[in-house]
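J.: Single-letter residue listing:
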Amino acid sequence: MGLPLHEIACLVDGRLCGATDLEITGAATIATARSGEITLADSTKLAPQLLRSQAAAVIVPEGFEPAGIPFITVSDVHEAFAKVVRHFRPQMQHRHIGVSHAANISLSARIAPDVEVDPGANIGDHVEIGAGCVIHSGVCILDGCRIGEGVTIFPNAVLYENTLVGNRVIIHAGAVIGAYGFGYSLAGDRHKLGAQLGYVEIEDDVEVGACTAIDRGTYGPTLIGQGTKIDNHVQIAHNCRIGKHNLICAHVGIAGSATTGDYVVIAGQVGIRDHTHIGERAALGAQCGVMNDIAAGQRVLGSPAIEEKEEYRILAAMFKLPDMRKKLIDLERKLAALTGSEVQHSKDAA
Amino acid sequence: MGLPLHEIACLVDGRLCGATDLEITGAATIATARSGEITLADSTKLAPQLLRSQAAAVIVPEGFEPAGIPFITVSDVHEAFAKVVRHFRPQMQHRHIGVSHAANISLSARIAPDVEVDPGANIGDHVEIGAGCVIHSGVCILDGCRIGEGVTIFPNAVLYENTLVGNRVIIHAGAVIGAYGFGYSLAGDRHKLGAQLGYVEIEDDVEVGACTAIDRGTYGPTLIGQGTKIDNHVQIAHNCRIGKHNLICAHVGIAGSATTGDYVVIAGQVGIRDHTHIGERAALGAQCGVMNDIAAGQRVLGSPAIEEKEEYRILAAMFKLPDMRKKLIDLERKLAALTGSEVQHSKDAA
Amino acid sequence: MGLPLHEIACLVDGRLCGATDLEITGAATIATARSGEITLADSTKLAPQLLRSQAAAVIVPEGFEPAGIPFITVSDVHEAFAKVVRHFRPQMQHRHIGVSHAANISLSARIAPDVEVDPGANIGDHVEIGAGCVIHSGVCILDGCRIGEGVTIFPNAVLYENTLVGNRVIIHAGAVIGAYGFGYSLAGDRHKLGAQLGYVEIEDDVEVGACTAIDRGTYGPTLIGQGTKIDNHVQIAHNCRIGKHNLICAHVGIAGSATTGDYVVIAGQVGIRDHTHIGERAALGAQCGVMNDIAAGQRVLGSPAIEEKEEYRILAAMFKLPDMRKKLIDLERKLAALTGSEVQHSKDAA
Chain A
309 MGLPLHEIAC
319 LVDGRLCGAT
329 DLEITGAATI
339 ATARSGEITL
349 ADSTKLAPQL
359 LRSQAAAVIV
369 PEGFEPAGIP
379 FITVSDVHEA
389 FAKVVRHFRP
399 QMQHRHIGVS
409 HAANISLSAR
419 IAPDVEVDPG
429 ANIGDHVEIG
439 AGCVIHSGVC
449 ILDGCRIGEG
459 VTIFPNAVLY
469 ENTLVGNRVI
479 IHAGAVIGAY
489 GFGYSLAGDR
499 HKLGAQLGYV
509 EIEDDVEVGA
519 CTAIDRGTYG
529 PTLIGQGTKI
539 DNHVQIAHNC
549 RIGKHNLICA
559 HVGIAGSATT
569 GDYVVIAGQV
579 GIRDHTHIGE
589 RAALGAQCGV
599 MNDIAAGQRV
609 LGSPAIEEKE
619 EYRILAAMFK
629 LPDMRKKLID
639 LERKLAALTG
649 SEVQHSKDAA
Chain B
309 MGLPLHEIAC
319 LVDGRLCGAT
329 DLEITGAATI
339 ATARSGEITL
349 ADSTKLAPQL
359 LRSQAAAVIV
369 PEGFEPAGIP
379 FITVSDVHEA
389 FAKVVRHFRP
399 QMQHRHIGVS
409 HAANISLSAR
419 IAPDVEVDPG
429 ANIGDHVEIG
439 AGCVIHSGVC
449 ILDGCRIGEG
459 VTIFPNAVLY
469 ENTLVGNRVI
479 IHAGAVIGAY
489 GFGYSLAGDR
499 HKLGAQLGYV
509 EIEDDVEVGA
519 CTAIDRGTYG
529 PTLIGQGTKI
539 DNHVQIAHNC
549 RIGKHNLICA
559 HVGIAGSATT
569 GDYVVIAGQV
579 GIRDHTHIGE
589 RAALGAQCGV
599 MNDIAAGQRV
609 LGSPAIEEKE
619 EYRILAAMFK
629 LPDMRKKLID
639 LERKLAALTG
649 SEVQHSKDAA
Chain C
309 MGLPLHEIAC
319 LVDGRLCGAT
329 DLEITGAATI
339 ATARSGEITL
349 ADSTKLAPQL
359 LRSQAAAVIV
369 PEGFEPAGIP
379 FITVSDVHEA
389 FAKVVRHFRP
399 QMQHRHIGVS
409 HAANISLSAR
419 IAPDVEVDPG
429 ANIGDHVEIG
439 AGCVIHSGVC
449 ILDGCRIGEG
459 VTIFPNAVLY
469 ENTLVGNRVI
479 IHAGAVIGAY
489 GFGYSLAGDR
499 HKLGAQLGYV
509 EIEDDVEVGA
519 CTAIDRGTYG
529 PTLIGQGTKI
539 DNHVQIAHNC
549 RIGKHNLICA
559 HVGIAGSATT
569 GDYVVIAGQV
579 GIRDHTHIGE
589 RAALGAQCGV
599 MNDIAAGQRV
609 LGSPAIEEKE
619 EYRILAAMFK
629 LPDMRKKLID
639 LERKLAALTG
649 SEVQHSKDAA
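Chains as they are written, first to last, in my numbering: chain A, 309 to 658; chain B, 309 to 658; chain C, 309 to 658.
Okay, chain A solo, but in the shape it has when bound (with noise of 0.2 Å):
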């Protein structure tokens, strides 16, 4: 399974710089890389820790020259290291099997020729799915819904009644897409749950990560718009309408009938408020609490979130709080000594 480090640099057509017959075991990342294995590093910042490395050689960008250790240079890095990886640890082909016998599907089905249904999926009345998709084991397509070209359900993901699905679009396990919408009204002493008419739509090319839940809306849709990439545990709630190529990391909740532009870039457990708008190119930071609008490209922070800027200089207050109370009571007493008066209440007080 070794492979000299000049035949590597002609499998990722690259330029080798070092020592061309030393034999190369396997391909890890420079925190895992053992000896007599290839690496890779993508920016100069990484050269302290290429140094610490065992890694025996490293294929880096153009004008990164580490020193010390054979590298081969390549035009991009990532695109190449996977050639190496995949020849290392070949991926294992899955085996296509077609519509298998062993999945549930209805007899008022429209499934595409060529489609995979592995054993243990269920596929509801009147569904239509499009060319080439890939249904999982254990995956739940229920009555109505309409799944386009080429997409992926990975296990056990579940589609309520009537979701539509755009093309290429990728959903991963354990995803829950159109459930109730968690809408209630208390009539006398109940929560009484609203209309749940409305389905879920995701548009083309978009992934929709693991144990993600996205509800359908009230009356018509909840909408994914083209492109969004969306991670694993997030919650879309009812009557949302998500923007065009937006990225929502892990664990975001966005409140019913929230909003978002185009490329909106939402980091982990960030919350949105229910009716917000997010305007495009906007950018929400970690754990930030959105009570009100966004404008477009607005950056913000904290929790309620506020503009990024005076988040930092709220926090740089912060930090001197306890010395600034200090010092409040100090001028407290200076003044009262110059003006002879007594300081009353600086116990309370600071």
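Don't read these hints as lab results, they were simulated from the structure. No incorrect hints appear here.
Identical copies look the same in the list; a pair holds intra-copy or inter-copy alike.
Lysine-lysine pairs mimicking BS3-like chemistry, simulated, CA-CA at most 30 Å apart: (1) LYS391 - LYS500; (2) LYS353 - LYS500; (3) LYS353 - LYS617; (4) LYS537 - LYS391; (5) LYS642 - LYS628.
With chain A's structure known, arrange chains B and C on it following the hints.
T.: Relative to chain A, chains B and C alone:
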């Protein structure tokens, strides 16, 4: 599929004002309605949005007479609009199939005659399921569970052994009821798992959201009180006793042995410390972190959570903090000038 | 089913003080015990709760002699009480069925002879499963996974391809191991998914909570160290390396390539930035947001997370902030009066 406006007014038993013969082609919310479609506006606050909407007509409550658009006045806007939505987008009736031969059901399970069990559902030994229940595909109900009447369990939800479920409960897809409590003690240098002899008890009319986890008690029940509604991704730890008619929003985490009174409202992403008690009708604001008991009726915010009013006062002051810091330095200098002394450590202090 | 108190004392090998012939009808925790039932109190702190309890008797540790209630003294309260609970509520023994014919198992999978695979479980090509494992219904184990001995995987958990699992690991229902990492780069105006050539490696004696997601590494492993216990709804992103014997509570989110030392404790809803390192035996307080490396043994709180003691000092000052603001205005006025000058912008500043 089109319908003249006067027939819609008739359908919803409303009073029409405006173009009676106008052909309506669909029903959609204000934000998504296209020309030719009817929409709803349940409050006069929506008048500006209505003006910008392309909707051809609107359903409104008594006393709201919007300008420039035909409207139908009704007593319950949402009930009326739901009827119209159902007219234009008839709900597919789920084909009832009884107990599927493709479900895996223990011979010792006792299932009432009219229950629906979909293909791929798994039901363990000595499980009891009451009349009118619907058990979707991929649901796993482990040994000894007892389920009341009229319960719906959506696909791929899991009930660990001995879970008790009342009547008319709804459990959404991917929910996990009765997993082990996260109770560890150090035994030497290893974490040793505590007893897992308890179970989960869910009373009547509870709703459990998608991907929500409720852990079993150590020796007895983790209890969810009657009528309580739980959103998606919620964590309720071992031994918790949740009161009746609570509303618990998405991503809330309630640590072990915490308890709540009746009618508590917990907003999104709130965390509650173990062994704390939340009094009845308390309201916990989004993202707050509850470290101590909360009195009945109290409204809290922030992390650590404090009285809402006090938190607002602190936040108001905090937004002024950078200015306060400047003022403090300024005062210090003026006072120093007055007394002729040096300002010391001012760089450190502020 | 009743049992005289002296027989319970005998069952738990304890010393009885009080009414020996009292008939005990059940066992329950202090908060839920009804008359006739025995309870436990593992600390003298519970004396007040015990006084309010309806319990008929109590199991206590050496040195705790509660008043007004018969008690049994034992060396390990929890072990003793577990025995009593098991007497009154015998645990149903799960009927072992071997490898179910209703499971979907690839012909190339290698499964040790005494493994249990429940109906509806799905096992892919070239999967290896060691002796004594229990694979519940609805579990999906994709191609190339290797599972050690004595592992339990609860219903509907999903292992993506090539996941490595050590011995005695417990994986709870709905957990998702090995989904794609959330690593994107902009290619023109589209988000392009990075390489997904890695996998997840879980060492011996790890517990993974319900609905928890651990993403695969980019080129190599995402690693969970031996003996680490992970609660429900946790997100561990691509390339993370979690140390040994960590405790990671519910809703924690750990971003890409972060690492932790051994015996780290992470409380609920904590967020950890990508590429940060948490030193061994560090403790991260609930809801904190870690933006930088944390030293070994450090205790941090807050968002952004800082030293626990410093955070307490800041919080103490913050609660005084509204008063500080008033004092500051007051001082300003007094000083102005003293110098005869005008107070400027005081409305803006405070």
